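Chemist: When you get a sec, could you build the whole thing from the sequences and use the hints?
Chains Y and H supply the protein sequences, listed in that same order.
The first sequence finishes on residue 297 if you use our numbering, and the numbering steps up by one all the way, no holes.
The second sequence finishes on residue 1317 if you use our numbering, and the numbering steps up by one all the way, no holes.
In case anyone wonders, no lab produced these hints; they're calculated from the structure.
Just so it is clear, the structure is predicted and the values come from calculations on it, not from any experiment.
Just to be clear, a hint being listed does not mean it is correct.
[Said to hold, decoys possible] Once the Cα atoms are required to be at most 27 Å apart in a straight line, the calculated DSSO-like pairs of lysine-lysine come out as:
1. H:K1228 to Y:K31
2. H:K1024 to Y:K120
3. Y:K213 to Y:K120
4. Y:K120 to Y:K206
5. H:K1226 to Y:K31
6. H:K1226 to H:K1236
7. H:K1210 to H:K1236
8. H:K1228 to H:K1210
9. Y:K31 to H:K1210
10. H:K1210 to H:K1226
[Stated by the list, open to error] Beta-carbon label-pair distances, calculated as ranges:
11. Y:Q81 to H:F1129: 33 to 41 Å
12. H:G1207 to Y:A36: 54 to 62 Å
13. Y:G28 to H:I1164: 48 to 56 Å
14. Y:N154 to H:Y1036: 49 to 57 Å
15. H:Y1052 to Y:Y35: 53 to 61 Å
16. Y:T24 to H:F1114: 22 to 30 Å
17. Y:I137 to H:L1166: 41 to 49 Å
18. H:L1166 to Y:I276: 24 to 32 Å
19. Y:K31 to H:G1168: 16 to 24 Å
20. Y:R284 to H:L1166: 36 to 44 Å
21. H:D1219 to Y:Y35: 25 to 33 Å
In this text, a Cβ means the ideal position worked out from N, Cα and C, and glycines have one as well.
Each chain is listed here by its residues.
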Amino acid sequence: MGVQSIARPVVSTPAGERNASAGTVLRGVLKGVVYAILVLWALVSLLPVYWMITTSIKASTVMLQIPPEWIPSPISFDSYQTLFQHSDLPRWFLNTAVVSAAITIGTVIVNALAAYPFAKLRFPGDRTIFWLLLSLIMVPYVVVWVPLFILVSNLGLLDSYWILIVPGFASVWNFFLFKQFMQTLPSTLIDAARIDACTEAGIFWKVILPLSKPAVAVVAIFSFVGQWNSFFWWLLFTNSSDMRNLSVGLAQYRYQNLIDYGPLMAGATISAVPVIVIFLLFQRYFMEGLTVGALKG
Amino acid sequence: MAERTVTAPVQPMLGKDSPSFGEKLEEFRERYLWSYLFIAPMIILIAIFLFYPLIDAFIISFQKIGIARDEVTQWVGVANFVNTVTDSVWQRALLNTFIFTVVTVAADLVLSLFLSWLIFPLSSSAQSFFKACYYLPVHIGGIMVALVWYWMFDPTEGVLNYLIGLVGVPHQNWIADPNFALQSLMLIPILSGHGGGVILYLAAMGGIPKTLYEAADIDAASAWSKLKNVTWPLLKPTTLYVVITGTIGSFQVFDLIYVLTRGGPDFATVTLVYLVYQVAFEQYSFGLASAQAFILAAIIVVLSLAQFRFLATDVEY
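Modeler: Structural data, given as structure tokens:
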């Protein structure tokens, strides 16, 4: 970019280049530096993940040694065994998986259904309700904790699957995502379906939903992963150990077993691996979901 | 083409053609029933779990809630609000939260921009590779990331002290050190949390028309000048988004504090949201906690508006 090239004959390379100029060399060096920085930062970024996984498969004798073992050998599953024996981890895993799946399905249905009328149909009050919802998005969740907690404990619903699953269906973010997406769908298809005397429910099921697959994918993936990693809600509304999820269970384990790092890392690995797999398989949707959310303005 | 024929004589407008109330109702039902049915589940859920608690929280913040059997709920007016802002622990929390937010958001901004600027000219597969590397740790879950750092922070056997020892820096106590605990916590989002910004900036950079850069080249602009006069202004919308969402998020940091330090040592890491949690669920002062939550919400709204005013300028092409 704008660097003067000095014409100077040099030994020709196997690729047949005759004149390697100082400019080209400089560009090569710069590119190397760029890659070096990026790779270094990638290592920094991934270090916690790497450390988590390798610690979990180290034998307890070598875990605390300095200098630390970068590649665990021999591989031992002691930590996992300890964790399983001293905690309700399998139950936590089950809770996390079941609730995340249930919420994902529910939130897609509820919000896709609700978004369609706002996106494509006009009805009295739609403006008002929409602005109300938009303003609710600004409310920090912390404001809602106390009254919700009082309400839920008065209703005797603490420690129940109800309170863990049903509120998860209400997500203003997911609603807006569906609405934005559905607005871009061509109305001609809807009109055609109406001419064919299709019911509104039929239009939704046969026309809108199939066309909204990209939005469904993004909402489903973000919902699932978000719920998988949910912490505060479960902290608030569960008391007994067998109703916890992975996040809260492991956080409590950390305080009950102060320097038991191995089992802690084993638990973290168990929680992280499904998410990593989902991420690697569906990267595209993660990136899309993020940019769509930002570009909506 | 149909022939124009004279139809029945023109009727007066009044009376005859107005539909009856029953007919109007029927038409209303036909046109809008499904819409209301479709939005009903969401509206009901939002009303119960977001709208109602919001109103209730507002009311509670003016009360002192009685918990035990013999305690009554009393109305205390603005006492909760006054007690909050005059409390030194809350003021410390405000300071900590503010520092945490400013540092992590600024670092996120700078790092994301810098990395995106480096990645953008590369091949598409290189871009995908690095994007994945930076964005993956974000989704492991804040708790798991915090737990790993908890292990890495261990003063005697943790890998962090080992690594800095390699370059001659003396061992730190990290989160156990009252003078360094907050800074240690800030390292976590800085080093493990900015993948999203890179993705957004890369996407935005892709949207900048090449013709602008070509015009700059004709004027023999340097790389720095291009960055400053073309790239940066056109990325302002993305910057605005990153800064505002980052601020809102960082201001409400909780998980890290709960898992790693519980506000200590010596209040070095109390944050506003963590304080609300303590007041509500360890001291059971629900009214006070509600007031604190509203003050926090107000601060966030003010901050967001200020940032919006400051950063949202019209970009001219």
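Chemist: Against each hint, give a clear statement of whether it holds in the structure.
Modeler: Verification of the supplied hints:
Distance check on the hinted pair: H:K1228 and Y:K31 sit about 21 Å apart at the alpha-carbon level, within 27 Å; holds. For the proposed pair H:K1024 and Y:K120, the alpha carbon gap of about 23 Å is at most 27 Å, so the pair holds. The straight-line distance between the Cα atoms of Y:K213 and Y:K120 is roughly 17 Å, inside the 27 Å bound, and the hint therefore holds. Note on Y:K120 and Y:K206: the hinted pairing holds, with a Cα-Cα distance of about 15 Å set against a maximum of 27 Å.
Among the hinted pairs, H:K1226 with Y:K31 is consistent with the structure: their alpha-carbon atoms are about 19 Å apart, no more than 27 Å. Note on H:K1226 and H:K1236: the hinted pairing holds, with a Cα-Cα distance of about 15 Å set against a maximum of 27 Å. With a CA separation close to 17 Å, the supplied pair H:K1210 and H:K1236 stays within the 27 Å bound. Restraint check for H:K1228 and H:K1210: satisfied, since their Cα atoms lie roughly 15 Å apart, inside the 27 Å limit.
The suggested pairing of Y:K31 with H:K1210 holds, with an alpha-carbon distance near 21 Å, which does not exceed 27 Å. Between H:K1210 and H:K1226 the CA atoms are separated by roughly 12 Å; this keeps the pair inside 27 Å, and the hint holds. Restraint check, Y:Q81 to H:F1129: a C-beta distance of roughly 36 Å satisfies the suggested window 33 to 41 Å. At about 28 Å, the beta-carbon gap between H:G1207 and Y:A36 misses the expected band of 54 to 62 Å.
The beta-carbon spacing between Y:G28 and H:I1164, approximately 33 Å, falls outside the hinted interval of 48 to 56 Å. Checking the proposed 49 to 57 Å range against Y:N154 and H:Y1036 shows it is violated: the Cβ atoms sit about 30 Å from each other. Checking the proposed 53 to 61 Å range against H:Y1052 and Y:Y35 shows it holds: the Cβ atoms sit about 54 Å from each other. Range check, Y:T24 to H:F1114: about 25 Å between beta-carbon atoms, so the 22 to 30 Å window is met.
For the pair Y:I137 and H:L1166, the beta carbons lie near 47 Å from each other, so the given range of 41 to 49 Å is met. Checked against the hint of 24 to 32 Å, the C-beta distance between H:L1166 and Y:I276 comes to roughly 28 Å, which is consistent with it. Look at Y:K31 against H:G1168: about 31 Å separates their beta carbons, and that is not inside 16 to 24 Å. Evaluation of the 36 to 44 Å hint for Y:R284 and H:L1166 yields a pass: the beta carbon distance comes to about 39 Å.
Our hint of 25 to 33 Å for H:D1219 and Y:Y35 holds, since their Cβ atoms are close to 30 Å apart.
Hints 12, 13, 14 and 19 from the earlier list are contradicted by this structure; the remaining hints agree with it.
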